[in-house]
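**Student:** If you want the building blocks of each chain, they are given just below.
Number of protein chains: 2
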Amino acid sequence: MTSRPICVLGLGLIGGSLVRAAVAAGRTVWAATASEATASAARADGYDVAANNDEALVRAQDADALVVLGMPLPAVPGVLRRVHAVAPHCRLTDVVSVKAAMRDAVERYAPTARYVGGHPMAGTAESGWAAGSGTLFGGANWVVAADDGTDAEVWADVAELAWDCGARVVPAGAEEHDAAVARISHLPHLLAAVLAATAAGDPSAPGGDGAGALPMTLAAGSFADGTRVADTRPELVLAMCEGNRPALLAAVDDALGRLGAARGSLASTGGLAATVNAGHRARQQWRAARSAVELKVPRDTPMARLRELGREGQLLVGWDEG
Amino acid sequence: MTSRPICVLGLGLIGGSLVRAAVAAGRTVWAATASEATASAARADGYDVAANNDEALVRAQDADALVVLGMPLPAVPGVLRRVHAVAPHCRLTDVVSVKAAMRDAVERYAPTARYVGGHPMAGTAESGWAAGSGTLFGGANWVVAADDGTDAEVWADVAELAWDCGARVVPAGAEEHDAAVARISHLPHLLAAVLAATAAGDPSAPGGDGAGALPMTLAAGSFADGTRVADTRPELVLAMCEGNRPALLAAVDDALGRLGAARGSLASTGGLAATVNAGHRARQQWRAARSAVELKVPRDTPMARLRELGREGQLLVGWDEG
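Same order as they appear, the protein sequences are chains A and B.
So the first sequence is numbered by this note's numbering: it starts at 1 and just counts up by one.
So the second sequence is numbered by this note's numbering: it starts at 323 and just counts up by one.
No lab work stands behind these hints: they were computed from the structure.
Every value quoted in this text rests on a predicted model; they were computed, and no experiment measured them.
Positions of the beta carbon are idealized from the N, C-alpha and C atoms, including for glycine.
Please note: incorrect hints may appear among the correct ones.
[Said to hold, decoys possible] Here are a few chain A residues that face chain B, going by a calculated C-beta distance under 10 Å:
no. : residue
1   : Ala140
2   : Glu176
3   : Ala213
4   : Ala220
5   : Leu248
6   : Ala292
7   : Leu295
8   : Val297
9   : Gly310
10  : Gly313
11  : Val317
[Unchecked claim] Calculated Cβ distances over 12 Å to all of chain B for the following chain A residues:
no. : residue
12  : Asp164
13  : Gly226
14  : Glu242
15  : Asp320
Sequences are here, hints too, so could you generate the full structure?
**Tutor:** Now the structure itself:
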């Protein structure tokens with residue numbers, strides 16, 4: 001394994017958890033954040049926080065560190081400009097949710113950086129440094145973008161960081177990653193918002209005004225589960241969802257079609273079996289995927305083969321040195 | 323409080339939990355179930371299970387017990403015919419999810435029973451006798467139907483049973499109850515099914531076939547929460563949802579409208595703020611309703627006043643004997 005230093009820019013839930021996990025794994029880690037309050041909190045917890053991104057990036061350039069971008073998508077271009085100015089050839093990854101938009105931003109603002117996209121599939125409805133945890137990535141799946149032409153050395157750096165944090169690596173192309181997260185992460189946030197608002201009702205809706213507080217008084221299990229992620233800070237949800245517009249549109253259209261079909265069936269025959277059975281089967285399919293095979297791969301595995309492994313549901317847990 | 327005996331017909335999750343809770347509260351309780359295996363399991367756990375519904379109903383007639391119907395809606399008419407034949411004037415309630423359809427079924431099949439509808443807002447994705455628990459109703463809200471003309475004596479019987487089980491009573495009209503549960507219980511089941519099926523994808527959907535197992539491999543927090551109730555046995559979901567057709571149609575149309583508006587906004591301006599913010603506010607509204615006022619009411623409170631209290635979000639916890 002490597003002892004490459006790690007430079008984390010951004011100390012929210014994910015960046016802050018990454019700093020803690022990488023330090024716990026024995027890595028040399030420093031960070032920077034745009035928030036003075038967060039910097040103080042992280043320093044008080046014993047972590048190495050530079051005065052600003054430029055200072056952190058100078059150190060990264062000197063140490064040939066892996067730089068990790070951990071800010072919401074809208075803040076990325078400004079930070080990439082500093083990367084290009086201060087450490088233009090650095091090893092670069094990110095923990096931001098969308099991969100095609102990140103790749104395009106890097107090509108535009110920091111074109112000489114050795115960039116390999118990443119996305120740890122971990123999170124809570126909480127946010128900020130205080131909500132972070134060094135164990136957030138334990139057992140989680142961490143996508144590492146494996147498009148053709150990817151820098152294999154940096155790909156290995158990112159995979160080893162994920163493994164050091166206790167995660168399993170899932171290789172995927174940027175576009176297929178974005179299509180998948182639109183369906184399993186961004187659409188759930190959108191449907192949670194729609195469900196919460198529909199349940200709360202409004203004066204013009206049947207059952208809304210007349211029933212007053214009744215629906216919210218009665219809401220329990222299924223409502224609570226189905227709307228839990230609507231607790232997430234709206235600006236974080238918007239950054240994620242709006243940043244994955246084309247893939248999310250396709251997912252929303254698919255959901256609208258399925259909900260419309262259910263509506264038609266309920267109105268005409270009164271039956272919902274096709275909808276309910278399909279959902280039940282999909283949950284079973286998901287549970288089966290949870291017990292996917294863990295695999296070690298040779299260091300020189302080609303990107304095309306890595307993507308295939310990702311599509312097969314294989315989870316990479318280290319190098320096959322045999 | 324009363325010591326009125328309780329006769330529970332049906333020993334699934336809710337009926338089985340009710341038997342345990344009422345016995346723990348010191349009530350005399352007997353039950354019946356259509357399943358010989360369930361009857362044996364419940365007897366082995368020390369509960370009094372009659373040979374069949376008729377035997378249980380003869381005892382209820384003799385003891386002036388409160389009879390509780392605890393089977394899925396499709397099985398209700400057959401049981402009501404036996405109620406009418408064996409104990410035509412009995413005190414009768416139910417723990418089935420829809421109240422207007424139950425009232426109509428009682429009027430048709432057991433028109434002389436002293437019926438007051440009930441609905442404890444408690445449950446899990448599990449089902450069956452073994453999944454039940456005497457603490458399932460602790461802190462839960464239990465709707466007791468309070469339409470004009472309701473038999474006040476039986477209303478009190480049902481409220482006291484709910485209180486003995488540790489629940490708070492929410493009075494509501496049958497129709498306003500059904501409109502509320504369509505939004506906070508049946509729509510969540512439908513959206514969970516749609517989300518699960520959309521996320522799992524299919525060969526004709528973008529991101530489905532090409533990505534293979536990728537979406538299900540990556541699905542975690544928000545997918546898991548949003549689809550949890552899709553684990554429920556489909557036949558139970560169908561009985562609930564299809565039994566509340568008119569109210570559920572209105573709720574689905576409202577959700578379709580909101581999701582369609584989000585789609586349009588994402589496609590045109592790229593913005594989802596209105597949708598996401600409305601969902602976030604609704605969750606806050608729900609959390610506020612969780613800390614609703616607990617109240618004791620005089621025994622002679624009129625039904626119209628009880629319904630008002632329900633609409634205000636008040637939770638009844640006993641009689642005001644002052």
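**Student:** None of the hints should be skipped; say for each whether it holds.
**Tutor:** Status of each hint after checking the structure:
1. Hint on Ala140 of chain A holds. Least Cβ distance to chain B is approximately 7 Å, under the 10 Å limit.
2. Nearest Cβ of chain B to the Cβ of Glu176 of chain A: about 5 Å, under the 10 Å cut. The hint holds.
3. About 3 Å separates the beta-carbon of Ala213 of chain A from the nearest beta-carbon of chain B, less than 10 Å, and the hint is met.
4. Annotation: Ala220 of chain A was flagged as interfacial toward chain B, and the flag holds, the nearest CB pair being 5 Å apart, inside 10 Å.
5. Evaluation of the Leu248 of chain A hint against chain B yields a held restraint, the C-beta minimum of about 7 Å falling below 10 Å.
6. Annotation: interface hint on Ala292 of chain A holds; nearest CB of chain B at approximately 6 Å, less than 10 Å.
7. Among the interface hints, the one on Leu295 of chain A is violated; its C-beta lies about 12 Å from the nearest C-beta in chain B, farther than the 10 Å criterion.
8. With a least beta-carbon distance of about 16 Å to chain B, the hint placing Val297 of chain A at the interface is violated under the 10 Å criterion.
9. Checking Gly310 of chain A against chain B by beta carbon gives a least distance of about 6 Å; that is within 10 Å, so the hint holds.
10. Residue-level restraint check for Gly313 of chain A holds (minimum Cβ-Cβ distance to chain B is 3 Å; threshold 10 Å).
11. Restraint check, Val317 of chain A versus chain B: the minimum CB separation of about 14 Å is more than 10 Å; hint violated.
12. The non-interface label for Asp164 of chain A is consistent with chain B: the shortest C-beta to C-beta separation is roughly 20 Å, beyond 12 Å.
13. The claim that Gly226 of chain A is not at the interface with chain B is violated, since a C-beta of that chain comes within 12 Å of its own (minimum 4 Å).
14. Chain B draws Glu242 of chain A into its interface by the beta-carbon criterion, the shortest separation being 6 Å against a cut-off of 12 Å.
15. For Asp320 of chain A, the condition that its CB be more than 12 Å from all CB atoms of chain B holds, with the nearest at approximately 20 Å.
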